[in-house]
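**Q** Residues per chain are reported as follows:
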Amino acid sequence: MSERKQFGFETRMVHAGHIPDSEVGARAVPIYQTTSYVFPDTRYAAQLFELKQYGNIYSRINNPTTAVFEERIASLENGTGAVAVASGMAAQFVTFMTLLQPGDEIVSSAHLYGGTVTQFTNTFKKLSVKVTLVEPGDIANWERAITPNTKALYGETIGNPRGSILDLEKLAKLADSHHIPLIIDNTFATPYLCRPIDWGASTIVHSATKFLGGHGTSIGGVVIDSGLFNYGRFPTIADPSPSYHGLRFFDTFGHYGFLTKVRAETVRDTGASISPINAFLLILGLETLSVRMDRHVANAMAIATYLRDHPKVAQVHYAGLPDHPDYQLAKKYLSKGPGAIFSFELKSGSGDARENGRRFIESLQLFSHLANVGDVHSLVIHPASTTHQQLTDEELSLCGVTPSTIRLSIGLETTEDLLWDLEQALHAAFA
Amino acid sequence: MGSGTGFACSIRLNSSLPAEYRARYQNEDTIRDLILDSRTIAIIGASTDWQKASYFVMSYLLYEGYHVIPVNPKANTIQGQKCYAKLTDIPEPVDIVEIFRPAGEVPEYIRQAIAIKAKAVWTQLRIFDLEAAALAEKAGLKVVMDKCLKMEHGRFGGSLHYYGFNTEFITARKARPRLSQVRP
Numbered sequence: 000m001s002e003r004k005q006f007g008f009e010t011r012m013v014h015a016g017h018i019p020d021s022e023v024g025a026r027a028v029p030i031y032q033t034t035s036y037v038f039p040d041t042r043y044a045a046q047l048f049e050l051k052q053y054g055n056i057y058s059r060i061n062n063p064t065t066a067v068f069e070e071r072i073a074s075l076e077n078g079t080g081a082v083a084v085a086s087g088m089a090a091q092f093v094t095f096m097t098l099l100q101p102g103d104e105i106v107s108s109a110h111l112y113g114g115t116v117t118q119f120t121n122t123f124k125k126l127s128v129k130v131t132l133v134e135p136g137d138i139a140n141w142e143r144a145i146t147p148n149t150k151a152l153y154g155e156t157i158g159n160p161r162g163s164i165l166d167l168e169k170l171a172k173l174a175d176s177h178h179i180p181l182i183i184d185n186t187f188a189t190p191y192l193c194r195p196i197d198w199g200a201s202t203i204v205h206s207a208t209k210f211l212g213g214h215g216t217s218i219g220g221v222v223i224d225s226g227l228f229n230y231g232r233f234p235t236i237a238d239p240s241p242s243y244h245g246l247r248f249f250d251t252f253g254h255y256g257f258l259t260k261v262r263a264e265t266v267r268d269t270g271a272s273i274s275p276i277n278a279f280l281l282i283l284g285l286e287t288l289s290v291r292m293d294r295h296v297a298n299a300m301a302i303a304t305y306l307r308d309h310p311k312v313a314q315v316h317y318a319g320l321p322d323h324p325d326y327q328l329a330k331k332y333l334s335k336g337p338g339a340i341f342s343f344e345l346k347s348g349s350g351d352a353r354e355n356g357r358r359f360i361e362s363l364q365l366f367s368h369l370a371n372v373g374d375v376h377s378l379v380i381h382p383a384s385t386t387h388q389q390l391t392d393e394e395l396s397l398c399g400v401t402p403s404t405i406r407l408s409i410g411l412e413t414t415e416d417l418l419w420d421l422e423q424a425l426h427a428a429f430a
Numbered sequence: 000m001g002s003g004t005g006f007a008c009s010i011r012l013n014s015s016l017p018a019e020y021r022a023r024y025q026n027e028d029t030i031r032d033l034i035l036d037s038r039t040i041a042i043i044g045a046s047t048d049w050q051k052a053s054y055f056v057m058s059y060l061l062y063e064g065y066h067v068i069p070v071n072p073k074a075n076t077i078q079g080q081k082c083y084a085k086l087t088d089i090p091e092p093v094d095i096v097e098i099f100r101p102a103g104e105v106p107e108y109i110r111q112a113i114a115i116k117a118k119a120v121w122t123q124l125r126i127f128d129l130e131a132a133a134l135a136e137k138a139g140l141k142v143v144m145d146k147c148l149k150m151e152h153g154r155f156g157g158s159l160h161y162y163g164f165n166t167e168f169i170t171a172r173k174a175r176p177r178l179s180q181v182r183p
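Chains as they are written, first to last, in numbering that gives the first Met the number 0: chain A, 0 to 430; chain B, 0 to 183.
Rather than coming from a laboratory, the hints here were simulated on the basis of the structure. Quick caveat: nothing in here was measured; it's all calculated off a predicted structure. Among these hints, one or two may not hold up.
As the list claims (entries may be wrong) - As a list, the in silico DSSO-like pairs of lysine-lysine whose alpha-carbon atoms are at most 30 Å apart:
(1) B:K173 - A:K4
(2) B:K118 - B:K137
(3) B:K118 - A:K4
(4) A:K335 - A:K311
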């Protein structure tokens with residue numbers, strides 16, 4: 000009675016979650032573009048609504064195409080399951096709406112995507128949830144910020160846009176000692192470069208829009224749970240739920256309790272569902288994830304090194320470079336490379352930094368100037384005036400963004416062509 | 000999606016059973032055979048409370064066509080099924096004795112399961128007793144511990160997948176029809 004074969008990451012990328020169906024045997028994942036599903040009888044329908052059967056109810060709650068994406072990413076992240084939603088922002092939102100009540104608090108790394116900071120400090124504030132942002136590098140900062148109302152720790156594996164790396168193992172221990180879950184946004188790393196669950200994180204969120212899809216065609220998000228956090232004393236998951244006839248999700252569903260509540264209550268009520276066609280396109284992305292990530296990382300490393308050595312560049316914030324403060328953390332947690340999104344600072348030289356930045360971006364020929372990352376195309380943006388524009392100066396500096404910060408997302412183009420483009424644009428910026 | 004005909008990776012996640020016993024007491028072939036070949040399942044600790052996991056599992060198994068016999072000294076019927084106070088009171092053969100009681104009570108129920116010549120004992124999530132399990136095996140019973148019968152049925156039958164859970168079934172073989180359509 001030996002252990003069965005454990006398949007590798009790449010096999011899971013192309014197979015997990017999809018078995019060719021018994022009728023047609025379609026090799027590609029079929030797109031179930033349907034809102035609803037015929038129930039075979041009334042008893043079965045009632046069982047579905049009472050959560051006694053696993054099955055398809057309504058595509059706001061689940062969908063067979065989406066389920067392939069969910070199981071596949073759960074398998075890749077070493078999770079017990081996943082719930083896909085409309086976007087990465089929705090993934091965070093439904094996670095916290097499931098876990099928190101008014102008066103609760105979160106302690107989060109300050110090195111976050113600007114949209115997340117705004118969601119935390121404005122929308123969550125309206126819901127009477129307080130988020131304390133801390134400088135993530137020193138574990139003591141996290142410890143000091145935890146209060147009796149703190150219900151979760153949160154951070155990005157690779158912080159946006161400065162490329163800081165979370166010390167996942169230390170944070171997981173801290174969360175564990177306070178009996179609260181550690182929730183990690185693994186968007187920039189993807190499970191190919193880092194699997195935070197293996198380091199003790201409870202729950203993972205993704206903007207699947209980025210590297211998971213890779214093609215920049217589809218907005219989507221996903222919540223993956225390890226099933227390892229004991230929600231037995233966590234009020235929102237353990238206590239009777241008024242929105243499901245007093246059901247106690249942890250008691251009844253055990254390690255599936257959190258995700259069942261995310262799906263059956265929070266996604267049901269917020270309506271933040273993903274469309275089946277987007278789930279399908281994201282599945283196509285997952286099938287080539289490792290191949291793309293290797294190439295993204297190789298290109299990023301070459302470009303970060305080039306910029307570091309460039310006379311017009313003041314600083315490069317890429318944890319793959321030995322002078323980055325988190326270089327050792329990157330080696331530990333992201334041994335294949337710390338992703339392909341990073342920022343750098345132009346030298347002020349003559350004229351002001353903002354103006355040089357504007358000229359640099361407008362001179363680029365191959366880098367697309369837009370508000371996305373993790374695409375096969377190389378991308379560039381000026382965070383202070385775009386992605387992090389809603390932030391106060393204080394929040395900006397806490398995020399590590401200055402007026403001269405330029406963020407790059409390195410794509411799959413020929414390395415020499417990207418270097419050529421940067422060279423000519425740097426030349427033009429300082430002409 | 001159905002369970003296909005190929006490999007099933009054994010699930011290592013979310014088990015309190017010590018790792019060295021998982022191949023033995025969470026064996027994929029044993030689980031699959033029990034789900035396919037069993038008809039009568041006695042549930043020790045079957046609850047009248049609709050919120051309890053045992054109620055969900057019983058309801059699920061009834062719908063899937065199993066003959067389910069609740070064992071609970073405080074109830075006459077549960078979900079329309081005649082309830083017995085003790086396992087040894089059941090007047091018909093039992094395939095699986097499923098245990099929803101604390102681990103400390105497992106040895107006694109395993110002794111009873113051996114006495115009624117059940118084919119298998121199955122303890123639910125977080126419930127196991129290694130000594131009692133060895134006793135059951137010695138008496139020829141199959142043993143599954145620290146697993147949910149509903150989750151496993153849904154996993155092999157394909158429906159668990161529809162809730163986005165990780166079934167760990169990886170195969171390029173065409174799926175078989177749903178378990179509920181092929182089970183005798």
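**Q** Each hint: holds or not?
**A** Going down the list of hints, with the structure as the test:
| no. | hint | result |
| --- | --- | --- |
| 1 | B:K173 - A:K4 | 19 Å, holds |
| 2 | B:K118 - B:K137 | 12 Å, holds |
| 3 | B:K118 - A:K4 | 28 Å, holds |
| 4 | A:K335 - A:K311 | 29 Å, holds |
Checked against the numbered hints given earlier, the structure satisfies every one of them.
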